[in-house]
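Trainee: Given the coordinates of chain Y, assemble chain D onto it according to the supplied hints.
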Amino acid sequence: MLKDITLGQYFPGDSVVHKADPRMKILITLVFLIGLFTVKSWLGFLPVLVFTVFVIRISQVPFWYVLKGLKAIAVLIAITGCFNIFLTEGTVWFQIGWLKATYEGLNLAGFMLVRICMLIVITSMLTLTTTPIMLTDGIESLLNPLKKIKVPVHEFAMMMTIALRFIPTIMEETDKIMKAQSARGADFESGNLLQRAKAMIPILVPLFISAFRRADELAVAMECRCYHGDQNRTKLRQLHFSGIDALAAVFTLLVLVFQFVIEGMTL
Amino acid sequence: MIEIRHLTHTYTSGIHKTDAIRDVNLTIADGELMGIIGHTGSGKSTLIQHLNALLKPTSGQVLLDGVDIFDSKAIALKEVRKNVGLVFQYPEYQLFEETVYKDIAFAPKNYGCSEEEIKERVLAAAKTVGLKENLLDKSPFALSGGQKRRVAIAGVLAMNPKVLVLDEPAAGLDPFGREKILYEVEKIRAQRGISVVLVSHSMEDVAAHADRIAVMHDGEMKMCGTPAEIFAQDQVLEEMRLDVPQITKILNALRKMGIAVPEDIFKVQEAADWILQNVPFTKG
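Protein chains in written order, with my numbering: chain Y, 392 to 658; chain D, 109 to 392.
Hints were generated in silico from the structure; no laboratory data involved. It cannot be assumed that every hint is accurate.
Ranges of calculated distance between the beta carbons of each label pair, as one might list FRET restraints [stated by the list, open to error]:
(1) Arg624(Y) <-> Lys375(D): 53 to 59 angstroms
(2) Gly220(D) <-> Phe485(Y): 45 to 51 angstroms
(3) Phe485(Y) <-> Ala184(D): 41 to 47 angstroms
(4) Ile635(Y) <-> Gln343(D): 48 to 54 angstroms
(5) Arg113(D) <-> Met550(Y): 46 to 52 angstroms
(6) Gly220(D) <-> Met591(Y): 16 to 22 angstroms
(7) Ile487(Y) <-> Ser180(D): 37 to 43 angstroms
(8) His619(Y) <-> Arg113(D): 54 to 60 angstroms
(9) Phe649(Y) <-> Ala184(D): 53 to 59 angstroms
(10) Ser633(Y) <-> Glu337(D): 57 to 63 angstroms
Please read all numbers here as calculations on a predicted model, not as lab measurements. Idealized CB from N, CA, C, for every residue including glycine.
Pulled out of the complex, with its shape left as it was, chain D reads as follows:
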């Protein structure tokens, strides 16, 4: 479990000071898929870099299972980073090894795993993200964009983290690739039972996959709740120029027509199935 308490981070550039995040409070439970949403510059990326102590807060705390991660006496930095895996935006640019296998093995090697354990972890991580075994001996630079990204995610998964944080894992991919990678994120959570933090600026992606959504705006956490709770406040969202997903709009329109659509449908496919089964279509 990760608890973020009164987290504030101030960037200094020359004589100018900007609060990137102000007094953020958030708790991520074990096994939860938490979505963090907000526009560019809302402080999402700054926030998540505190989760594995890459950035130190100006004030506030981050507790990992009750231990303050910035207290070097309580927990070593390397230990924090092993437990909280962070996948950056466009993670394919961090690949450097000759083969996919070696690149995924980088993290377990840094943590001093034995050769057998490294092999076990690499194979497991590659399988979880849907990389075929025959790709492991190829150069990571010879792969496609989506595959490179899978290698990078596997590289973090190979640490066996308790919490996996992904910054815009679907950025820059085509719609099909987006859906596939987000589906794999859900699969990681289901298979490993770990907490996942999914950062995105796309309501659609987050709504369809997250258990709870935290909305960042202008460095502050404005809302936090289940997708249904968040989208019920569509006016507040609009003020922040965040839109409810299109599929939610359609379902809301149906609700206005007097059709009792369940609250928990956020995926396009589920919505389509439900509508086909439950909405009587009149001919003509």
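Chain Y extracted, bound-state conformation:
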């Protein structure tokens, strides 16, 4: 059950995409996310789609694994889809009471569907191929200029690192506690909403207790090693910008250019 959440999970591997500089990957992801929102015609999706498929291929992450991440937001997609279909003005397709479904709405819903799915796939490609630690290192490095105006970038990065670092631990712990309570006959999968919510108590109480204990222990361990924030800290992992990253940047620009050319032709 918990293993089904692909969004934000790392998929171990050894590909070019895995090895690329996290800063570059973050920037490329950002560029594409912004790019996706400028798309106005169906054909405009094509360059980004081709590029994404290409990246998934060379990353060796199986397609089905990437697409599994979409399951988590199926409800969101369905709701936005309904809103678009029923609340857009235009030619009526069919009518339920006062609700009018329109062809324009259908078109818009499809458009949004593709956009949201692409958003999710692209961002999950970033997290699937980048370890959380590399990701925060990348973010910290990208935000470095903000230190000039006294933004505590390092502290934010540290908080993120710790939070990300503990996601697998807490997931593992949740899994263990769920198993332990199932072994005592607890049932998490049947009953109405209220019963199910109540069935969560035997999981949440031990989970919170252990999370607080862990936080406490970590704080003590950090103090013991004289952690003082950003002052004179060096890094174990240095980020390197390599030829592959430059190539990726060039590709990204090309894809964007293609997108604008196609958009320009269809408009």
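Mentor: The following block gives chain D in isolation, referenced to the frame of chain Y:
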């Protein structure tokens, strides 16, 4: 009786696949205290999670009194878990209720027992694991480590399982606490006549309490037999970097000196008593 037949479990992480256990065969008789021993990562924990169907095998079967526990038509999952009680490692982290009583009552409540029966079972389980009755109204979080663990074990015992599986019940306790909890495990078996599976990485603990020992190494079951049979193969054990218990080493040394020490002594106290009675000490 539990029969494990050709059990294999493969974990998948990304593109990597690892066999946690490979083709394990083992039969645990009624009323038997079976010890399972092996290093960290030898597959002990994976193996025992199949016994109450928390994990599904990649291939192979587990039979409980002749019924395949993974066949949902033959037996319901909840029924399997009632009959095979599993106590995880560090079980004190699963406690959640306001009082010790309520926590032990969690399992019988899930199985729809009446209030009187719940009370009966809670009191019996608490007594078996050596919890005093005045502790039942306290918060489980106010107890000591050893007591918390007893509450957790009682919580599983309250289901009245036919088989009790304990994963490292003595882990993280001081030597005195270890001995006490293992003694209670033996007491559970004696009082209730149920099968007990005791998982540990400590030869000492298992040797002193188990009827038979199964040795896991690298996902496979390498040996299975009485402690005497297992420790006779001390060279094979050494290859797996498992040591025979210290007390067995001493007794083996005595045997080499020509003293006929009985085969079935594995407890330190018993060994000491036997030596004091039977070994002539020379002065000076």
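Trainee: Going back to the hint list, which numbers does this structure go against?
Mentor: none
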